[in-house]
Amino acid sequence: MSIAKILLVDDEKPFVETMMKRLKKRDVDVAPAYDGQEALECLGQDSTIEVVIMDIKMPVMDGMEALRAIKSKHPLVEVIMLTGHATVETGIDGMRMGAFDYLMKPCDMEQLIAKVEEAAKHKRQHEQKIMEARVQAITLRRP
Amino acid sequence: MEEKKSSSRDYRSLLKKVVFVIIITAITPTVVVSMFILNEFRASYQAKVYDHMELLARKHKKNIDMFLSEKLMDIGWLARSNRFEELSNSVFLNQKFVELQRAFERTFVDIGVVDHEGRQIAYAGPYDLFGVKYSDTDWFKGAMTKPYFISDVFKGLRGAPHFIITVRHEHQGKPWILRATIDFGEFNNLVEYLRIGKSGFAFILNKNGDFQTEPTSDVNPDELVKVLKGDNALNRPSSIFRHKNQEGKEVLYAITTLKNGEWIMVLQQDVDDAFAELNNAQKIALLIILIGSLGSIATAFIVSNQLIKRISMADEEKHTADKEKEIMSQQVIETGKLASIGELASGIAHEINNPVAIMIEEAGWIEDLLEEEEFKEGENLEEFCRALKQINTQGKRCKEITHKLLSFARKTDSRIAEISINALLEEIIYLSSQRAKYGNTEVRTQLEKNLPPVFASETEMQQVFMNLINNAIDAMEKTGGIITLTSKRVGDNILVIVADNGPGIADANLSRIFDPFYTTKPVGKGTGLGLSICYGIVKKIGGDIQAHSVKGEGTTFEILIPQNTEADVPAVGMKGD
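Protein chains in written order, with my numbering: chain P, 1 to 143; chain U, 144 to 720.
Wrong hints could be hidden among the right ones.
To be verified - Using 25 Å as the maximum straight-line C-alpha spacing, the simulated BS3-like pairs for lysine-lysine come out as follows:
1) P/13 <-> U/539
2) P/13 <-> U/532
3) P/25 <-> U/350
4) U/191 <-> U/205
5) U/532 <-> P/21
6) U/532 <-> P/24
7) P/71 <-> P/123
8) P/24 <-> U/539
9) U/519 <-> P/21
10) U/350 <-> U/387
11) U/350 <-> U/191
12) U/205 <-> P/24
What the hints assert, rightly or not - Cβ pair distances, simulated, as ranges:
13) U/593 <-> P/137: 53 to 61 Å
14) U/658 <-> P/27: 31 to 39 Å
15) P/27 <-> U/578: 44 to 52 Å
16) P/137 <-> U/703: 55 to 63 Å
It is worth saying that the hints were derived from the structure and are not from the lab. Ideal Cβ positions, reconstructed from N, Cα and C, are used throughout, including at glycine.
Chain U extracted, bound-state conformation (with noise of 0.2 Å):
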């Protein structure tokens, strides 16, 4: 028992080390090779997102520096190609703002030449700006200064947004400025309409952070130029970063100057929107590794059941195997045993039998002397005739025991005589009386009356009732019990039950124990030959005999012997003729 939990415990052990090998095995190098691949995904995925916010970004600001200078261009040609005493004449001056209008639709709201005082001297367009004086203004100040001015986006006198581009020329050697307002809508038009993915736009902001476009989402521009500023961001034509925002959610923002670096376009995106697409396949292929991997451990766990009930099955088999290999050992070493006991045997009885055999002759000598007339008026006659028949009967029983011996030996004697069963049953419990007192058995009796005799080798049938009553004897001998015999006619044969209520014998066990060498006696107490021979035996003589066992109740043999006639038996006659 404690070494069936050991062994048991062994295999649990080897289930849990073939099974960790296993997963460890398998698992290890897909998860390593896919977190590889997953890194190098990132990367590569991270690089062509900044290359693509990059892209668009160059592109963008390529497109409004061109809008700008060609309207830069556009009023510089007007300024050039006209005088100044043309331009400041107001009627001339709408009738090329009609012209421009017309070249350019609505990008040009109005147009104004502004003296070098900053008053307004010429006005073309819907408002009342003639006359206007601008000397204050930061946009003239700085037109002043610049042959080409752009300035930052402001409301003005107008109340709406708006930006001035100026070009400047001297009249008399003294300056004037040309300048016209650009309508806001249309450059805002080429910043409001980029999109990127789902949550990406862009804007402009100036170096203080004022919107020069609108944006179409909430954006903290002083926030914005804070982490521009601190990431250096603003002395670089173009960057490219990440950065967390107050609420928590990272975007990542592309960055280009424009305007020879006083205004900044921003493109920004929010990260989960920019990776999206690389999440999910990141989520993709950690579903497949995981799923992966359960296969795996269910496979590790299937295959390592599987094969340790193998080496479980093939070690038992090999238990088996040993024990069988050392009870056939153990088996043959009996044999050899009774085959040398044989021998033994059969000398002894020949030793025997040859004194006996004078003594019996001596005996017959006396008593045949005794038949003389001058003996037989002798007072002691009949004590003397008492005592050589006890002489004659003793030393026949000299006689049996040489022959049991040579039994034993199974060199018996095998002659056919006409036996009484009932006789031999009697005298076998004599015999056995000894034994089956010491194994605290009672042997009981139920003979029918009558029974006709059998035709058979009485040391044989001997045997035979001698190996079953010794197996009852020897299955009780720690509990003691009943062994009932009984006889009956059954048609023409006879049939002796021996009965047991003993341990019993397994379903199993019953099959096999007519079989040569097989025996549930303990190693070194049984041959296995015993039921074997009497099997054999009663076969011979046209008999049969069956085992019926209830395990706990008892065994039961029945020998069925059939009424042959001396001529019917299958044994060796010795008559000589």
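Chain P with its partners taken away, still in its complex shape (with noise of 0.2 Å):
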């Protein structure tokens, strides 16, 4: 049973072929994606996606343009920044744009797997109260 769907986006192919392979051995579902444009899409393909974890510089469309996109038509995702170069003030963007945490590369895979559960497990979460809410206003709703 997978922890969670992830989405792994990075211009860096060797990166993104590697980390899937690994993730998969640990029974990660993944998907790859190679800049914000193919995310945005595969999102946009694949609703079972709980988890993006996405590079910072990337071509085409960028990760924190990427990530706005993200959070404004998918707003539940959860969104873990990946950087070369992470910065506290990188760091400090992304989270006030809606990521969930950031990572900085070379990183461990403990690390990122913990991150990803609690990613997921937060989205979880989140999609429960929603549901909760939807139930409780269709109850109200009845007579």
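Fit chain to chain and form the complex, with the hints in mind.
Below, the structure is given as structure tokens:
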């Protein structure tokens, strides 16, 4: 059973491929994307994706722009920013725009999985609350 | 040093010039004006003294001339109003003599009638001079030639100085003379009591230089007559001149002629006495000029000294300001350089981190694969694992390097973590060991075991200790030395001491070392930011940093790190919620 459905977004193809292999080996369901635009398309096609792990510096559409778009179209999807030069400033900027957390390259696999689990848990709790609110709303509407 | 000497010489030369100019401009007009005034005053005073002497001389000439004419008129009247027969009678003459004496007291000593042969045919007076013959005397000869005659002073038969006045008349075609002797004392008084200043007096001479009155002081009449003749004064009714006598004393003479030029009245006064007031005034004026000049010179020195001091201070301030400006612009350049290097470092970090991440992922993947059964029994499994671990370690080392680059660009990772101070210090010693070796510096440690962990940003704490150690190595660059790192628990805090035995920091600089952009390193070597960053980091975590230094013995930095919990530290938390 996968801890979460993940979308891994990075323009470094070898990194994405190896990371995917390693995640799959740990029974993590992961899909690849190689820029922000592609990530948005994937999210549009696959609504089961729960967590996006995304590089900041990418061609076509960079990580920050993609984050803004994801949060606007898929607000419940959690995003973990991944960067080669993590700084407090970029981290804060990302989190202001709704990112769950950020990680520095190269990152420790165990640390990554822990973060993904936290993010997925957060998403599910969020969904749960929304679900409960909807159920309550329906119940209240019934005569 | 040379520059300082030469500038001090410049100031001295400037001081001399300023003093010279002030003295010349202040004193020259005073001296010139004073000299001009003194000269004018002297001329005017001299004119006043000369006028005074001339006035006195004229006044006394008038008195004497009047005295003599009066006496002549008296006996002229006696001769005219009486007949020859009556006057040649001694009894009658005596009667008239008594009347004269009654009228003029002692002025007339005696009177007598002398016939044309020079015989005194009648006489009234205190001496026995009846019948005396005067035909050979100078006065008789003179009297026979003029209707009125005044003789020079002579002693004659009576042996006392006197002079005679005569009127000539005729009886039966033959001349006769009425003569009177004038009291010398009475006449002398007219001149003797004349006093001018302290040394001035008057006397009368005839043309041969014989005294007609008695001078009150010693006078050399021959010398005087010689001078008067040389000066042609005898042919002028009056004149005034100076002459240095044989004693070397300068004397002022006022000359006027009497008795139709036969007698000369001389008023003489020492020049020193005549001009005493002028000399005093001159002395006072000179004293005032001297005091004024000394005052001007002193003022010139004081004012110039103050002026030069101000100029030198202003120059020094300008020099310091220029130097600070130069340092500041150098620092601005350095800061700019840092910023560019920071940008570059940030780019490089990203570029390196990506391939390193791939390498580590690949190694991780191999590690994952080795977990599988088929590889577990391989004979080189252990060697594979060791190699992968090494790749992982070296990858992390690359990550550290890129982080240091970022930290250099001051875009550090300031995440708070639990850190062990001793481990941190040992790592820093390891990192700076190469630099210390080249700087001939030995790093020693005195680390207390089992210190509790502290909550702080590891990279920031690294930056603090790295800066302090690098500064110590820089300070001892030329001489070498020992750096001692001490860590110990002080109450609830941890104290880290970074001590060196280098040249120390001057007291004046010690208070400013934590100021931004303050550096004692040569231009281009330091940015003046290191210690100020350290200060900021330590203060941010609620700690304290203090510097102590003894010139020539070394410098000690004490960093007190509080044993914060994670929540106490005011840093940015990276947790999502």
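Outcome of the hint check:
no. : hint                        : in the structure
1   : P/13 <-> U/539              : 21 Å, holds
2   : P/13 <-> U/532              : 24 Å, holds
3   : P/25 <-> U/350              : 163 Å, violated
4   : U/191 <-> U/205             : 21 Å, holds
5   : U/532 <-> P/21              : 19 Å, holds
6   : U/532 <-> P/24              : 22 Å, holds
7   : P/71 <-> P/123              : 13 Å, holds
8   : P/24 <-> U/539              : 24 Å, holds
9   : U/519 <-> P/21              : 19 Å, holds
10  : U/350 <-> U/387             : 21 Å, holds
11  : U/350 <-> U/191             : 29 Å, violated
12  : U/205 <-> P/24              : 158 Å, violated
13  : U/593 <-> P/137: 53 to 61 Å : 59 Å, holds
14  : U/658 <-> P/27: 31 to 39 Å  : 58 Å, violated
15  : P/27 <-> U/578: 44 to 52 Å  : 49 Å, holds
16  : P/137 <-> U/703: 55 to 63 Å : 58 Å, holds
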